[in-house]
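**Student:** What follows is the residue order along each chain.
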Amino acid sequence: MSPKQINSGELDRLMRNVLASDVDLVVPSCLSERVIQKLERKALLRELVLELLLKGGLVLGSLAILAGVLMLVNGTGLLTRLFTRFADNWQIIASLLFLALVTILIDQIGLRFYHAFNRESTKG
Amino acid sequence: MDDKTLIKKVNDGDLSAIRFLVEKHKGLIWHIIISMVGHNRDDEDLFQDVFLRVFKGLRSFRADSRLSTWIGSITHHVCVDYLRKMKKETDLRYNEVDQQSALNFSREMNWKETENQDLNKIVLAAIAKLPEDYRTVITLYHLDECSYRDIAEITGMPDGTVKSYISRARNLLREKLLAVVPDLAQIMDDF
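If you read the sequences in order, they're chains A and B. Residue numbers for the first sequence follow my numbering, so the first one is 1 and each next one is one higher. Residue numbers for the second sequence follow my numbering, so the first one is 1 and each next one is one higher.
Isolated chain A (complex conformation) (with noise of 0.2 Å):
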């Protein structure tokens, strides 16, 4: 067989076949692995912190239902009441809000994450 033979079908499956067998186009195992791993605590974090705004939400919403049905009792009295109490301790308010807060961070985020990814190491 002349060389001026090789016709491109049979170029193109010897390119495949060569491609195929080339070892650096093989991804490493170890790689997608981590990979994966960084997207699932992605994903898990992503979840937790929408979980957390959604509970924060509601909590928010209840307190505006709330303020709204005592201002429909007993008009904006006891509000305002609420408000100067609150105006006149704000420093003793301000670091409780904080201390729940920091404790709701590590409690609904830093805590389940960590116990998520603590039981899938434990399970691989």
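Incorrect hints may have been included.
Taking beta-carbon pairs under 7 Å as the criterion, some of the chain B residues facing chain A (in silico) [claimed, not checked]:
(1) L15
(2) F51
(3) A185
Think of the hints as simulated: they come from the structure by calculation, not from any bench. C-beta atoms are modelled at their ideal positions from N, C-alpha and C, and glycine is treated no differently.
For chain A, the structure is supplied; the task is to place chain B on it using the hints.
**Tutor:** Just chain B now, kept in the frame of chain A:
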């Protein structure tokens, strides 16, 4: 699992869907990275970067194209950005590419290095010396079985350019392989 279901599950945080997404598309991404950037210290970082971008962008993916071509085009962009950052020579003006590159390729190819190797190594060496765009296009075409249209979407080249790159790459390879292995047709029958 079809693209739509997969996207929905990944966006809902389904961990097995995330695993499936990575397993399904890792080959395509790796092939583009290796053919454009080659093996270097940053190839694994680029691979991770692509998946993080895909994961982030999946919520806004409108399914105008197939998921695989969308992921491929993200990979292509990441590699182009990387090459630009590294100030490597990449000629992205498709119309002007490669008569010159093709000539350089012919001159640079040191066939003495490979004459004692088997056919696989000779062909791989020849492919490795192809201009980057040719290499990317033929890898996608042969290894990932992408159509001309898919490759055009991934690389942003016009369809005609993709077709002509594949044809030119084939001709270059044929020419060079025959110069080294004159009885190539015979060998290929047994390949």
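**Student:** Restraint: F51(B) near chain A, CB-CB cut 7 Å. Satisfied or not?
**Tutor:** Holds - the Cβ of F51(B) comes within 7 Å of chain A, reaching about 5 Å at its closest.
**Student:** When the nearest CB of chain A is found for A185(B), is that gap smaller than 7 Å?
**Tutor:** Hint on A185(B): holds, closest Cβ of chain A at ~4 Å, below 7 Å.
**Student:** Hey, does the L15(B) contact hint survive, CB to chain A under 7 Å?
**Tutor:** 5 Å, holds
The structure shown violates none of the earlier numbered hints.
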